[in-house]
Amino acid sequence: MAFLRAFELVCQYLEVEPTVPLFFRVFKLQRQPSRDGRHGWVSLKQQVKLFKMFVDSVRHFKERFYIVRPLTKLAMDSLFESE
Numbered sequence: 001m002a003f004l005r006a007f008e009l010v011c012q013y014l015e016v017e018p019t020v021p022l023f024f025r026v027f028k029l030q031r032q033p034s035r036d037g038r039h040g041w042v043s044l045k046q047q048v049k050l051f052k053m054f055v056d057s058v059r060h061f062k063e064r065f066y067i068v069r070p071l072t073k074l075a076m077d078s079l080f081e082s083e
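The opening position of the sequence shown corresponds to residue 1 in the working numbering, with each subsequent residue numbered one higher.
To be clear, the hints were calculated from the coordinates, so they are not data collected in a lab. Possibly wrong hints are sitting among the right ones.
Unchecked claim - Mimicking EDC-like on lysine to aspartate or glutamate, the simulated pairs with C-alpha atoms at most 20 Å apart in a straight line are:
id, residue 1, residue 2
1, Lys28, Asp77
2, Lys49, Asp77
3, Lys49, Glu8
4, Lys45, Glu8
5, Lys49, Asp36
Unchecked claim - Ranges of calculated distance between the beta carbons of each label pair, as one might list FRET restraints:
id, residue 1, residue 2, range
6, Met76, Glu8, 35 to 41 Å
7, Arg5, Asp36, 29 to 35 Å
8, Pro33, Tyr13, 34 to 40 Å
9, Lys73, Gln46, 16 to 22 Å
10, Lys49, Val20, 36 to 42 Å
11, Arg35, Gln12, 37 to 43 Å
12, Ala75, Gln30, 24 to 30 Å
Remember, predicted model here, so these are calculated numbers, not experimental data. Glycine included, every Cβ here is placed at the ideal spot set by N, Cα and C.
My request is simple: use the sequences and hints to build the entire structure.
If you want it as structure tokens, here you go:
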């Protein structure tokens, strides 16, 4: 969630509207396939280096997580598109 907040703050500072297309210009989704071939964990990776890496430990992050569920068929289909 820190990436989202950092993105919001940079947009506010630059007086740019924080939009979804702009967010995905800066960040991309990384999908890790599970052992059964389906997608498992999803994380964000910077495409454009705007922020320094957060160096504190992130151990035990999987003990607290949330699920993001697409609301439309188009959104669902976009989750499974491969580049």
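Verification of the supplied hints:
With a C-alpha separation of about 16 Å, the suggested pair Lys28 and Asp77 falls inside the 20 Å cut-off, and the hint holds. For the given pair, Lys49 sits about 28 Å from Asp77 by alpha-carbon distance, which is inconsistent with the 20 Å threshold. A hinted pair counts as satisfied when its Cα atoms are at most 20 Å apart, and Lys49 with Glu8 qualifies at roughly 16 Å. At roughly 16 Å between alpha-carbon atoms, Lys45 and Glu8 fall within 20 Å of each other, so this suggested pair holds.
Between the alpha carbons of Lys49 and Asp36 the distance comes to roughly 33 Å, so the proposed pair goes past 20 Å and is violated. Met76 and Glu8 have their C-beta atoms about 26 Å apart, which leaves the hinted 35 to 41 Å range violated. Checking the proposed 29 to 35 Å range against Arg5 and Asp36 shows it holds: the Cβ atoms sit about 34 Å from each other. Separation of Pro33 from Tyr13 is about 37 Å and conforms to the stated range, judged on CB atoms against 34 to 40 Å.
Checked against the hint of 16 to 22 Å, the C-beta distance between Lys73 and Gln46 comes to roughly 29 Å, which is inconsistent with it. Restraint check, Lys49 to Val20: a C-beta distance of roughly 20 Å breaks the suggested window 36 to 42 Å. For Arg35 and Gln12, the Cβ-Cβ distance of about 42 Å falls inside the hinted range of 37 to 43 Å, so the restraint holds. In this structure the supplied range 24 to 30 Å is violated for Ala75 paired with Gln30, their Cβ-Cβ distance being about 18 Å.
This entry does not satisfy hints 2, 5, 6, 9, 10 and 12, going by the numbered hints stated previously.
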